[in-house]
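*Asks:* Generate coordinates for the entire structure from the input sequences, incorporating the hints supplied.
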Amino acid sequence: MAPTYTLLADLRAGRCSNTAEVRLLRSVYKSVSSCLHVILMFFIFFFNGTVYLCKYFTINLMNKFQGILSFVHNTVWKVLFGKVYSIREAAANNLRRFAEEFGPEWAMQHLVPQVLDMVTNPHYLHRMMVLRAISLMAPVMGSEITCSKFLPVVAEASKDRVPNVKFNVAKLLQSLIPIVDQSVVEKTIRQCLVDLSEDPDVVDVRYFAN
Numbered sequence: 001m002a003p004t005y006t007l008l009a010d011l012r013a014g015r016c017s018n019t020a021e022v023r024l025l026r027s028v029y030k031s032v033s034s035c036l037h038v039i040l041m042f043f044i045f046f047f048n049g050t051v052y053l054c055k056y057f058t059i060n061l062m063n064k065f066q067g068i069l070s071f072v073h074n075t076v077w078k079v080l081f082g083k084v085y086s087i088r089e090a091a092a093n094n095l096r097r098f099a100e101e102f103g104p105e106w107a108m109q110h111l112v113p114q115v116l117d118m119v120t121n122p123h124y125l126h127r128m129m130v131l132r133a134i135s136l137m138a139p140v141m142g143s144e145i146t147c148s149k150f151l152p153v154v155a156e157a158s159k160d161r162v163p164n165v166k167f168n169v170a171k172l173l174q175s176l177i178p179i180v181d182q183s184v185v186e187k188t189i190r191q192c193l194v195d196l197s198e199d200p201d202v203v204d205v206r207y208f209a210n
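For the sequence shown, UniProt numbering begins at 1 and goes up steadily by one.
Quick caveat, the hints were computed from the structure, so don't treat them as lab data. Heads up, none of these hints are tricks.
Restricting the straight-line Cα-Cα distance to at most 25 Å, the calculated cross-link-like pairs of lysine-lysine (DSS-like) are:
no.: 1; residue 1: Lys187; residue 2: Lys149
no.: 2; residue 1: Lys171; residue 2: Lys187
no.: 3; residue 1: Lys171; residue 2: Lys83
no.: 4; residue 1: Lys149; residue 2: Lys159
Pairwise CB distance ranges, derived in the manner of DEER restraints:
no.: 5; residue 1: Lys187; residue 2: Ser86; range: 34 to 40 Å
no.: 6; residue 1: Val84; residue 2: Lys187; range: 37 to 43 Å
no.: 7; residue 1: Gln174; residue 2: Met118; range: 19 to 25 Å
All C-beta atoms in this analysis are idealised placements derived from N, C-alpha and C, irrespective of residue type, glycine included.
*Replies:* This is how it looks when you write it as structure tokens:
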């Protein structure tokens, strides 16, 4: 039998005619992929300090196996916007850990766009998880990204029709104050909080905005 790497190249190019070899390779590939997926899932979601362990492991996998990054993304988003609060919270915390370990530039490319895309989701719990993810990632991402990417989303969310979302916006805005410049506080954050403090419908929103 030819070396495995040769068979893989032939298989991808459609040149492999040996049915047994094709079946074997596909079986091995599925087994390896499944194992890698399970390992990554285990690393990502079930240990608090896991990101430190899997930093170089993950980089090597991403370099060698196409589709691993897509799998990580898909799994993160499924869990982040799942039905169980404690699991959603764990996923949001792991987003922060990924940003800490791989850096703001990597997070801007691979994490932030997908998080912000969910801010218009019709389910209010999903919109609230976006706010939670922002609150955790903003200190890691820094002032510039917080002002240019996060703050416009938060300001728009302050006009949400659901009181629970506005309630969380008020808390989030206060947490962003130490991260951004005072000029941003005066120009954007303060105005949003003033508007929320005048919310005619919900006492809790007014309380946290004040």
